[in-house]
Amino acid sequence: MNFFGYARVELKRILSKKITWIVMIGAFFSPALSYWLNQSSNTSSTRTSMYLLNPAFVGAFVCVFLFGFFTISEFHDIYKNQMEVFTDAIVSPTIFYIAKLFVLIGFAILAQGMVVLLYFPYTKMKIGAMFRGSLYFEVYFTIMFPAILFSILFAASVYQIVRRADLSFLLFLIFILISFNQKMQQNFLLSWIKPLVAVLSDDFSNKRVMMTVYYNRLFWLCLMIGFCLFSFLCIRKYQKGIIGSFFYHIRKIYLPVLGIFCFILAAFLYQKQPFLDHSPLELDYENHYNINKYNQFLNYSKITAEIVPDVKKGTLQGNMTIELKNMSSNEQRMILTINPGYTISNVKANGKEVLVVDRQNDDFNEKQVEITLPAEKEILLSMEYGGFPREWSITETFQGDRQISSDYIYLDNTKFVPYIKVAPAINYLFEARITLPAHMMAVSFGRDDFVCISENEDGTKTWKLQQKGQGIIFYAADFTSEDLEAAGIPIRFIYSARHKEIMDKINIKETIKEVFEYCDEHIGALSFYGEEGMKLVELSAYSSGGYAGDGASAMAETCFSEEGLTDKNRGASGSEVMAHEIIHQWWGLGNMFMETEEEQEWSSEGLTVYTTYRLMKEKFGEEYAKENYVDLWQEGADKLKNNFYHRYPEYLEKLPESYVALIQNEQRPILKYQVMPLKILKAEQLVGGEEAMDKILKKLFQEKAYSYLTYEDFLNACGLTREDLELE
Amino acid sequence: MSEILKYELKRLLFHKVYLILCAVIVCYSWGLLTRDVILGISNTAPFSEWSFGYYLAKISPILSIMLLFFVTFFYSKQEKEIKGILLATPTSYEKIVTIRYVVIAIGFLIQSGIVALLSFIFLNRFFGYTRIANFIGIIITVLLPTFFLFMGIGRMMGGKKNIVIYGIIMMVLILAFLSLPYQVELFGESFFKGYPLEIGGIEPEFYVPMGYWINRICYSVIGIGLFFLARRKEVRSQF
Ligand SMILES: [Zn+2]
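Listed in order, the protein sequences are those of chains A and B.
With the first sequence counted from 1, adding 999 to any position gets you the working numbering.
For the record, in the second sequence the residue sitting at position 108 is 105 according to the working numbering, with numbers rising by one throughout.
Chain B extracted, bound-state conformation (with noise of 0.2 Å):
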């Protein structure tokens, strides 16, 4: 079992694709960094938990269109037939795709991992900032709900053509260039951007109201529901 993850982790890294979006994403995460954040956003800190959600909020697109990236790799032609030399081996169906939906999960996790570092390091060396453990309840609910949802999506859609994947990734595209109210947004945008002001006053305390909580689980929900829906097809599909 260890064998094939780490075969597949392998494969997966060293991906041309994967290192193509982690050198845009650091190229980007940087940039970002030094030209919004850097001026506080919304008035606030440049190293408070509004300033550094919001940050996230910005990345969180190129990480979901990574993820979509990761779950066409997995259903593409090549990989079909390695999936046939698979078969033959003794472990069985649900444990390979198992094992690549853990490869996929930590591919993500090393990315994001990436990114917070990056702002951390920016943080220490601009602003000398320390206390990175108050940003990791922040890390969590931004990104794990996107992470859900288009890891479901990715399943659902995942046997159909590239095409239709692809046709996902410029929805993504469209919806972070739309801003819509924190209430029904995916990313976090408006959110980090907006409430601050909302909340007004100076350096209003990080709070997060129920509406964005209900978002997040909304969204966190829908995409485990559709992981699974994808499952049980898939598994129906087999016999």
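In isolation and in its complexed conformation, chain A is listed as follows (with noise of 0.2 Å):
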């Protein structure tokens, strides 16, 4: 019989089993489970995470045992019946295996796409205009599909090695076992049940997260093919044992050869993955701060870069000139940081060659490349630089957010230029060109704006920069822009055209202008913008929750997202986040904060959440923000008083230093974020009431803008001491 026929033998002999049956309905239901245990929806996330990603996620992680489990029992049923000799006869065992494993995939694909057809209807409603049909197939294809084929092949293959059910099963529960361990769950390349996705999109682009589950599929399969063919040299020839069956197999010299190959191919991939740089997980801020002394010797009075993004392959291209004056008679090192996944070739100081020297030290995500100039006063430096950027090491777990892809592109200081280590002369200019395709606009991060220079042949179009100062924060999306004022502060409010519907339906403009004259009253005016005003920028879900600038603040596209924004009754989230990032523009960048060891907690979040909570306050009443502040403030101050090492740090010492990092990393945010305001709400009862305290602020934000604020100053100001706010 040959491979066709027995294959429509097995497919015949397995559709009538019930078990057949039962491993299909369950594979059936299994992502609508994700429905059922997400019923507290937060509103922190996508609308795509909630109905597509974790449905792909709860379906794979069901499946994977589904498929895995009949794997192992229809193997089993085969060879327990003693069917082995009277199939043996007939066909050879390799082509009953390989028959037996088609079969077997063929359901899953079955399976699969009953899934994927069936769910269509139901996710596109459910996540709206911002629905995309691609994405919708990428994502089963590629976290589902892949976890159920790696199952079928791992428990064959196991099954195939040791012949026993029982051993084989439990082979199959360790491995699961070990792919929920933390290590390997937390390794993007690893963790092949529920792919690192962190979050998906609604409004841009998720190519480089994709990219990574690609990755990540091709490392496995490679790793389980190879597995699979080792397998094959352990199928049961003439009764004979595994010995004698592997020597008999192992005649049949590319069985081996491949599957070694395969095993390499993996071996390969996985030291060579270009998305991750090699930065030490622990980070040493003394020694980056050092290492990057400025040469004195030098100072540049213009930088000229062009660069050409490709959104295709997700690299970028650029061309850097800087002009620079050499004010010693020697030879003088420059030192140029940018990221470690882009290259600099071509270098030429007035029109010759010179030095570089690549040191590959990978460190908070940049690595220095050294430049020996000639001993010229003036010199003309040029160069090429480009690559994949690649993202930190600590974001593993987090990738995606820094990307090139045909929708959006965010690039930030290193990403977008290469940084040099010399100082400005006293006049000087930072000028950069970027050609894009013409549906995208370019957007920096600060006071200066791209402006659109000219309209290409090609389809793009080229947009000019001009700053002072190197330091660039970079986006381009499908973006529209619309000019609001709000407390006499013009305000260019940029974000996705996608999600213009939703801003529209959710009256975005009204929620910021809130967020401005509350604050403008309480706290006072904000001075330091000029006639441009400041920006408000929508960025990816990657960021999560947002940032502020000199000039700006960029929010996640949660923020903006209609189940936060419209239901009154959801915790402090969705708007609650925007309006926290719009509140640091006065506290954090009006009014600087350091922050020192001995005194965590105070940080520009204390006073920026106490903001908040009182905006929260007069908009939604006393209650809820009762409810969904100081309670929850209350709750993790509780937390940290009764945590077994808050009261006794003695054993905190016994400890290894790995667990007191980790503990206190888990310390750290709650006194910034809950006990901090909680003492300030102490302070406002103290000093008389709401109305003494926003005095006080008040006071605070004029005398001391642009220097620090320290937690002394807010006491003194306050007339307290700080045993006075210490909480009971």
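By construction, these hints were calculated from the structure, which means they are not laboratory data.
By construction, the Cβ of each residue, glycine as well, lies at the ideal position given by its N, Cα and C atoms.
One should not assume that every hint holds.
To be verified - One side of the interface only, derived from the structure: several residues of chain A facing chain B at Cβ under 7 Å: (1) Phe1168; (2) Asn1642; (3) Phe1643; (4) His1645.
Claimed, not checked - Where chain B lies over chain A, by a calculated footprint (3+ residues, C-beta under 8 Å): (5) 1175 to 1183; (6) 1653 to 1661.
Grab the two chains, each in its own frame, and use the hints to assemble them into the complex.
See below:
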């Protein structure tokens, strides 16, 4: 009997069994489990995450068990019933094994196909206008299906090697258990059941994170095929044992060769992954700031960069020229920091090639390149740079933020332009030009704006930015921009065109105005905006929360979700995160905060959280504010107070260092975001109420503009001592 | 009688599956102790009764799976053949079965002993804690009811295909992932984690509410009931 004939017989046999149908039905309902598990769906997630990513994860998880179990029981069924002798005579065991594998994989495809087709309408309805069909298929076929495939391959191979149902079942369970080990789960290459996709964006591209999923799948496919080929060597032959069969099969030399090739390929993929840099996970700030000393004999007067991103490959190519002055009469070495994924080439000083050393010393998501400059007074340094931007190793579990794709580009600092460790001359200028697909709009995070300078024939546009200083955070996407004014400040609100419908529906402009007017009235006028006003930028969900800077605030799309902004009863999220980020323009920018070891709780977050609470209290009433702010702070403070190590610090000293760091990292945010606001609230009660507190804050805001605001200052302004504010 | 017991015990304890499971349990226990328990469960000390109970509750699904594997081992085809041989000897069937279950119980006891020993080593090394006697009551309330239940289920399903037992193992795993309220949960995770928070305050005294007692007693009774029901069935099928 040939392969196809046998496959047909197998198919018929499997279809007639009850367990087949149980597995199929289980597989079909598995993604729906996530709807039931996630009933308390949080507003800080995107719709695509809730209705597409989570179902695919839960489906993968359940189906890994179902199909692994099904595979073992299927193989066992044949061998247990002594069909071996009988099948060996009419079909070779190898062909039988392959046919069996194909039939099982065929079933997996069938189950997956059913899921994909029948969940489509519901998912589309739930995600609404932001639904993207291509992403839907991509997610199911790269996250859920490969997990099932690997489970089948693993289970079948293990069974073929040990030939015992109980042992293979046990080994399968152990493999699953190991896969749920923390270390495996936080490694983007090793986590095969639940790939490291933290979130999927509704409004922007998910290309970068999906690239890691493809890479993960390729890596595991190599491993599993290698393992499966190895199991082919163990197919029992002529009633021989495992050793005998092994030596019989190994004569077919292509089997072990192919298997080993697969393993080598997997090892190569693991070693050479292009997504993360090799920065050490322990952060040595002191070393980081000392190592990057500026060369005092040099200064620059102009930097020009021309950048062309390749949105298909996710890479970037750039040219940079620097006008330098060498104030010594010797050769000088200049340090340049750049993203570890990039390479620098064709470096010329006044037209002559110079010595370039790439130190490959990744740290803080940068590496250093050392350039030796000639002993000439005026130097025009030119170079080419480019590559695939690597993300920082510490963000392994939350990849996908910085990316270059056809509908979203987000690059900051050395991912955009190399940073030279040279001080500027008295008159200096930084100029960047970038060529983008026509539908994209270029935005920089800062006061200065990109201006479109030409529309090119190939359907691209070139944008130009001129600013002082090198630091730059760059975004480009299918943005829409709207101008509004709040509390006398002109605001340019820049957000994804895909989100426009929802922005209008939730009346976002009113919400923004409210926040500005409240702060203007209760804290004071923001003075450091010129004519150009400030920018509010919507970012992809990968930048969880947001950040504020000079002249701009950027917030993740989750801050503008319909669920978060329309439902008053939901927890402190959505619009409130947005308010928080805007309020940072008052606390944290105008007034600076220095974080010290002794007073970890005092940071810009304390006053920002407190002000957010006051705003929400005015808007939604006392009860809401108590429930969503004060009670939560109290909860955090209690949790900290009750913590065993907080109560008995002497035990902390007994622990190994890594545990101490673990415990302290857990406590730090509670101190900043919950304990401090609670103390400020206590201060408010002690100084005589909200109005009195507003007066104090107003005064502090004015007096301490452009200087550091310490906890001491705050206490003095309130006329209180540290002890007064201790929480009982 | 003791000869057979010794022989059976040796066969079980040096069985491949048992040894692999031992290794898994040791690794898992140590990971649990040095990652979760070390932080102190629900704000209690890492050496509190709550933390210890939580640790046992997290291990107990794996111990239950091990128990079910023992039972399948007992009923597997190879074993049935040996049963045939044993039947030829004068020892009665009833006695052999009793010995088998005694063997399983000993295997379980040894494994639980290893789990407890690991935690004692951990508590002593990291916290210099020595008052181990405090924990014996917890070991009994957490592990004994699940032991009874899975012995019962195992014997009930033992005559059936192994596939059924594997199905039950998967159910155990799924049960372990769901967090049910402590009155109905099987392993005790919700109780040891949630109840100290419910009591509130700093380092709440260890206290077992009626609901949890009833839970433990119910599972024990169901287990013992199933066990003897299965026995009656088996005896009947003998004749
Ligand atoms: Zn903040």
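Against the structure, the hints come out as follows:
| no. | hint | in the structure |
| --- | --- | --- |
| 1 | Phe1168 | 6 Å, holds |
| 2 | Asn1642 | 6 Å, holds |
| 3 | Phe1643 | 4 Å, holds |
| 4 | His1645 | 9 Å, violated |
| 5 | 1175 to 1183 | holds (count 3) |
| 6 | 1653 to 1661 | holds (count 4) |
Consistency note: the structure conflicts with earlier hint 4 alone.
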